[in-house]
Structure formats: structure tokens, C-alpha cells
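Colleague: Take a look at the letters that make up each chain.
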Amino acid sequence: MTTFLALTLVGLVVGCIYALTACGLVVTYTTSGVFNFAHGAIGMVAAFTYWQLSVGWGLPVWLSLLLVLLVMAPLMGALVERVLVRPLYGAPIGVTLVVTLGLLISLIGLANLAWPPTTTRVLPKFFAGRTVTLASLVVSYNEILVIVTAALVAVTLRSFFTRTRTGIAMRAVVDDQELAALAGTNPQRVAQLSWALGATLAALAGVLLAPLVTLDILGLTLLVINGYAAAMVGRLRHLPATVSGALALGLLDSWLIGYAPGGVVNVLKPALPMFLLFGAVLFLKQERLRAGSLAGVRMPRTPSFRRSVGSAAAFVVAAWVVSGQLSAANLATGGQGLVLAFIMLSLVLLSGYGGQVSLCQLTFVGLGAFAMGKIGGGSPLGLLGAIALPAATGALIALTVVRLRGLYLALATLAFAQAMDVIFFSRALGYGGNLEVARPSLPGIDLGNDRTYFVLLAVVFAVGAVGVLALRRRAFGRRLVALNDSPAACATMGVSVATTKLIVLTASAGLAGLGGALFGGLHGSVSPNDFVLLNSLLLLLLATLGGLYTVSGAFLAAMFYALFPVLQNRYPGLGQVSYLLTGLGALSLGRNRYGMGGQLADLGERLRAWRLPAGQQAEVLHAAG
Amino acid sequence: MTIDALELIDLRAGYGSIEVLHGVSLRVPPATVVALLGPNGAGKSTLLKVASGTVKPTAGCLHVGGVHVNGAAASDLAHAGVCRIPEGRGIFPNLTVAENLQMWTGVGRLRAGEVAERTFTRFPRLGERRKQLAGTLSGGEQQMLAMSRALLVDPAVLLLDEISMGLAPLVVADLYELVHSVAAEGIAILVVEQFARTALAVADHAAILIQGRITRAGTPAEVEEHLSEAYLGGAA
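For the protein sequence lines, the chains are A and B, in the order given.
Remember, our numbering sits 6 above the position in the first sequence when you count from 1.
Remember, our numbering sits 9 above the position in the second sequence when you count from 1.
The hints are simulated quantities; they were obtained by calculation from the structure and are not laboratory data.
We put the beta carbon where it would ideally sit given N, CA and C, even for glycine.
Some hints could be false.
Unchecked claim - Result set (EDC-like, lysine to aspartate or glutamate): computed pairs, CA atoms no more than 20 angstroms apart in a straight line:
id, chain 1, residue 1, chain 2, residue 2
1, B, LYS65, B, ASP19
2, B, LYS65, B, GLU96
3, B, LYS65, A, GLU184
4, B, LYS140, A, ASP181
5, B, LYS65, B, GLU28
6, B, LYS65, B, ASP85
Stated by the list, open to error - Derived contacts from chain A toward chain B, CB cut-off under 8 angstroms, selection only:
id, residue
7, ARG171
8, ILE174
9, ALA178
10, ASP181
11, ASP182
12, GLU184
13, LEU185
14, ALA187
15, LEU188
16, ALA189
17, GLY190
18, THR191
19, ASN192
20, ALA320
Work the whole structure out from these sequences, hints included.
Modeller: Set out below in C-alpha cells:
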């Protein structure tokens, strides 16, 4: 009985912290319609700032708390709303998601700069060591503080939203932003306020959580992400359901440790929130099919088949010439870039054309590398497996999540990626160890030679690019873009939304898997660290920055991504800066959602316009914006 | 000379690269009802959106009470006395009736209690349903709730966008009686309506908007003569 009570208490405390972070998430999402992926990172930064103030600089606890919760966090939330979120209202989910992902990545980069992980930081618990005994159960003051705080916040939020004019205005803005403005409420000010409130709740969760765990940048960020699951239980709207979801998650987690057999705990425990998230997303009510909206932005032109084949051939020749000049190290970096570019092609197909956001692309890459490593030592059979296993998994995922779109699809894939990360990759590749992956063998060609392999990668990328572009021009490509534009219109025209999605998810997973096999071959081995969730997020972020809609964008982004580790090795300080820059680059997406590739295409249009007669020139320039 | 409550001078506006209004001039003097008629897609709703600050004009001038207000935010224009009842239902469906009324206190110095009292005296049916979500009201009741905003905030100019949409003819007649009484209080009103004759019956002036341009303006009787050719494309 005492064990049960003790476990329940621990679960309750953790659940309360999840509830705080989840409520913050719900508040910002409902009032601005932008899901804040950086919510956990804000909590993390708050926890570290609190450590810096109270332990690092020795300020009194009450002053540190005051500064973090009432000054830093609200300012940060308001600033994020003003700078990042405001240009995004009405933008497609792909863009809003990537921008907040950018914020997540830059906050992690910033934290790594400010608090290098080399030193261990510990936060003392509140009211250190003081306890009270309730019915044979020892309860610390810290635990009481957490529970009381969460209860207070829940009650206050509830009456704030139903009784105060500002709270009602926040809900009104969700209902009808335009009408709120017509009734004299400034929706932007309301949204800014809600972001400040959301950030404060994230900070509160971070500060309360930090003393219970070790201060670890990634760990803390991900722990707060567990609140996503709770927020989904409340359908991102309903605060009481959100709180119950959070408490259930905390309790389940705690009871699992206490009562389930060790083997089950090890497998299930780290992935529990992700299972809950996946389940909550799956059982969501079907949302209405969105009708198309007016597109004021021009898409980059798709090059003709002849043009794309010509460019591809030139690309391969250039790669061959360049490869002769590169040192072994640069050859490896370049090869990495080419592999990543190929992997990003799968995103061009899925997210660029199809508008489906996937946060688990590296999971498919990992599955591809896994199949290649386990089957047939470089034989064609291995390659086949490297395509088939991820494609089959992709199809399975597609069948499960086929009715999800936008944010919910993104969250489901995020849960899948994180669950695979902690359950599958950390085990299947050997615990923290490496799995050897052979290079594919071609008759008569020695792919063991790095330069030859580099050229092979260039050929594969070029063929893949030509293939993706060819697909875009065909009926299937048009169907994909139409699906992205207006699922409702597609459905009424007899285009099966489900089938199209199934095909594109499967194809994209297969492509990513092939990329994984080549990735493994390039390095000779893969480790679980290659496929962690954060890298998947970074991949999508960079691909979007490069331009999800263009093949050239994918190439540019991949080359930049490949340079990351090089920069980090050569200038250790700079590595984090490049994370920071990437995150900041996401700022520009509010303005040009087609990224660098889109801007290049724009430039191309402008150059083309010079050769046209004056009348047409003005027209083209006008259309190019 | 009186100052117009609302004045549009050679106004242009649109969405993205698509221009909808190609230079529209229109005046709404105080205590006057102006009916704006025209076929679908003529830009009537866009004109009201520009006048209320929801859509920003790209050229021309927008004057409210003689003050140049190009580019002002919708919420600021609301405080300046522009009140637009948007197409469909101008209410918050997921707030209760009482909470909706509390939102109306965004303009003016009204207190929540006073707002509720005045509204429920005028529309007792809303009083019976004050705790109900506004989305669960009938179409006519929702439109009453929407109109209650116009009655409370004492606007300088009232913009009504298709208030008859989806309502029974009897309810429409009630609503227009209400419009008539509001106009009698001296408020300038610009009415956009598909039921041309209903609107013309209460209007002092009328104008026809076709493809983003005013093609005819004058007294209701003058305009009515040209209505059928306007709608059937003869004048275009």
C-alpha cells in the first residue's frame, strides 16, 4: 500500500508538471493557431536561466524565480509572437511548423553556447530536505509545491478564460479573429498576450521539472515535449481534458516502473508518452476537409524533361571533375551532402509537392540502412530490402494515419520517430553500438574507392532528381499538388485522397530507405545517433530552408547540412552558431515559403524576362513578385 | 456642408496580386441609408471589408468622419465608429450569449451589466438563452445577437453585409424594420444586399457595383430601373 501511494505521489508530481506545459501549449495554439514546437525548448531555457541566476550567480531563490517567470518568460513569449509568429497567420501548417522548429533548434544551439554540456549542473529542490509524513507516506515540500502550483494554475486559468474580459477575448479570437477586430479587440495584442502566458507556463514547468532530473539540454526539451501527448488528449482545446491527460500520463508512467516486469519497463517506459500521443492523435475526431484558399504566391516552374536530363548529365560530369580535386576528408563531406540531398528528394516529393509534413524521415533512412546492413552484404538483395522495409513501414504508417493531415500528421510522425528511436534503433543496431553496412556492389566497378562511390552518389542523386521532376509533370504529380491545394476539391472530383496519400508516403519512405542504404555504405557503419528525432527535425528544417519545392533547393540544403559537422570539428564554437543560424534562417520563411530554391527560380524568371519584349517582361516580373 | 460619415475616393483594393476594386468612389452622409447592389463577385463585400479596415486599400482614400484612415487596423477603426456586421453570422459561436455581449464592450465605455440589460430588454429571447452557446441559437436569433452590437456601440457608420442571408422572409422583414429604426436615430448605414428590392425599400441612395466599378448611382427609383440589366449583364 505504501509503495502504491509513493508511486502515485511521484506520478502525480510528474503529471502536474506535464499538465502545466500542456496547458501552455493549448493556450498558445488556441489563440494563435500556431502549434509551438519550441514550447519544450522555452521551458528548457527557463530552467537553465533559473540555474544561472540562483546557483551560478547566487541570487536568492525568490528573486530568480521572479526574474525567470515574470520577466524573462513573458518577454520571450511576446517577442517570439511579434517576430516569428505574426507573419505566419494564415500560412500553411508546413511553414508554421518549420518556423517553430527553427526556434527549437536555435534555442538548443543557444543553450549549448551559453551552458556548455561539459559541466554538470544540479538544481537543489525547493525547501531542500524538508518533508512531512502523511499516513505513513513521506511527502517532500517540493512535491507539495508542485501539486499546489499546478492546481492553482488550473483553477486560475479556468476562471481567467470564463470570467475576465481578456480571457473571453482570447477565446473569441480563436472563434473568429476578423469579428474580434470588428468588435474593437486587437487580435494581435491578444495573441501576443497568449504567447506570453504560454511561455510563462512552459517556464514554470521547466523550473519545477529541473530539480527532479539532471539539467540536460536535450533531455529537458524532450521531457517537456511529453506534454504534447496530454495536450492532444484535450484535442489542443479543452483545458480540463488536457489536465486529466497529463495526470494519467504521469501516473501510468510511475505505476509502470513500479509494477511491470523489468523487460517491459525498459521497452515501454521511454516510449510511453509517444504511444499516448500517437493514440490520442489517431482517435481525434475527423476534421472537415479544408477547401482551397486563394494562392497569392507563385510556385517555382518545373523544368522540362529535356532540361532536367541535361542539367543532371552536367551535374554528374561536374561531380566527376570536382571529385578528382577533393581530399579524402572533403570527398567524405561531399558524399555526405549528396546522400542527404537524395534523402531530401523524398521530402520534396512528400512535403514539397504533396504538402504532407513528416517528422520521421530519418526513421525510414535508418530502416533502410538497417536492412542493408542485415541482408546480403552489399548484394542487390540488400538494396531491395533497403527500399522494401521502409516502404512497407511507410505504407503501414500511411494506413494508420491516412485521415490525418497537417499538424496531426506531423505529431503522429513525431511520435513514431521518437518511439522507434528509443525502442528499435537503440536495440536493433546493438546497444549504442554500430551496425556495419556494406556498399552495394556493381559488376566491374570498385565502389570501395571513395571517389568512385562519390560519383555513384552523384549519379543516384541526378537520376532521383530527374525522376522526381518527371513524376511532378505527370498525372500523379498533378494529383499530389491538387491534394495539397484542396483535399475537398480532390475528393469531389473522384481523386482518392487516401490512395494518393498512401502511394506518396510509401514512395517517399522507399526513397528515404534507399538513401539510408547509401548513407550506411558511405560511412561503413551506422549508429542510433544518426537517426534521432532531432536530426529528423533538422533535416526537414534545412530542406524547407533550401526550398522544398525545388530539387536544387534540396541540393543546396543538403550541402549546408553536410558542412555542419565539419564546421563543428574545425571551429568548435562555430558548430552551435550554425544551428543558431539555421534556426534564424527559418525567420525568412514567413516571407518566402519556397526557400532558397524558390528564390533561385525567381531569379531565373527575372533573367528570362530580360530576353522578352517589354510588355511581356513587365508581366513576368509582376507575377514573379 | 455636412461631413460624410464614410467617404471612399477612387479606392483600389484586392487580395494578393488580384485587384477586386478598380477605383470606387462612394459617399455615405450621416443619417442616410445607402444600398449597394450588384451581382456576385462584384466586390461588394470587399468594399465593406476595406471600409472597416479588414482589407487594406492599395490606392485611393478612405475617410471616416472626414479623417483619412487608410491602413488603420480594423480594431482601431471600430473605436473610430465603424461597425461592420459581417456576412453570415457576426457572432462567436463557441462563446455563450452573455460572453458574446461582453465582447461587444470592446468599443465605447459600456459596462457588461449595462450591455446585457439593454440587449435583453430589446430582445427578450436572447435573455432567455444567455447561458447558451451562441452557435446553438436559431439563424434569426444569431442575427439579433449580431445586430445588438450595432445598437449598443452607437457607431458613426454601420456596414451591413447580407444580413438576410439564409433567413426566413418574415425574419428579414423584422431585421429591416430594425435597420429603419437605427437609421432614424441618425446613424449612417451602408447596406449590401442580394434582395435588391428589400434594401431599396429602406434606402435613401443606391449604387450598383459591377466588376469592381460603380456603374450607376442615384435615388432608389432611378437605380431600380437599371437593376435587371445590371444583374443580367446588359450594362456590362
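Colleague: Would you mind marking each hint as holding or not holding in the structure?
Modeller: Against the structure, the hints come out as follows:
{"no.": "1", "hint": "LYS65(B) - ASP19(B)", "result": "holds, 14 angstroms"}
{"no.": "2", "hint": "LYS65(B) - GLU96(B)", "result": "holds, 18 angstroms"}
{"no.": "3", "hint": "LYS65(B) - GLU184(A)", "result": "holds, 13 angstroms"}
{"no.": "4", "hint": "LYS140(B) - ASP181(A)", "result": "holds, 17 angstroms"}
{"no.": "5", "hint": "LYS65(B) - GLU28(B)", "result": "holds, 12 angstroms"}
{"no.": "6", "hint": "LYS65(B) - ASP85(B)", "result": "holds, 13 angstroms"}
{"no.": "7", "hint": "ARG171", "result": "holds, 6 angstroms"}
{"no.": "8", "hint": "ILE174", "result": "holds, 5 angstroms"}
{"no.": "9", "hint": "ALA178", "result": "holds, 5 angstroms"}
{"no.": "10", "hint": "ASP181", "result": "holds, 4 angstroms"}
{"no.": "11", "hint": "ASP182", "result": "holds, 6 angstroms"}
{"no.": "12", "hint": "GLU184", "result": "holds, 6 angstroms"}
{"no.": "13", "hint": "LEU185", "result": "holds, 6 angstroms"}
{"no.": "14", "hint": "ALA187", "result": "holds, 4 angstroms"}
{"no.": "15", "hint": "LEU188", "result": "holds, 5 angstroms"}
{"no.": "16", "hint": "ALA189", "result": "holds, 5 angstroms"}
{"no.": "17", "hint": "GLY190", "result": "holds, 3 angstroms"}
{"no.": "18", "hint": "THR191", "result": "holds, 5 angstroms"}
{"no.": "19", "hint": "ASN192", "result": "holds, 4 angstroms"}
{"no.": "20", "hint": "ALA320", "result": "violated, 34 angstroms"}
The structure is inconsistent with hint 20 alone, although it conforms to all the rest.
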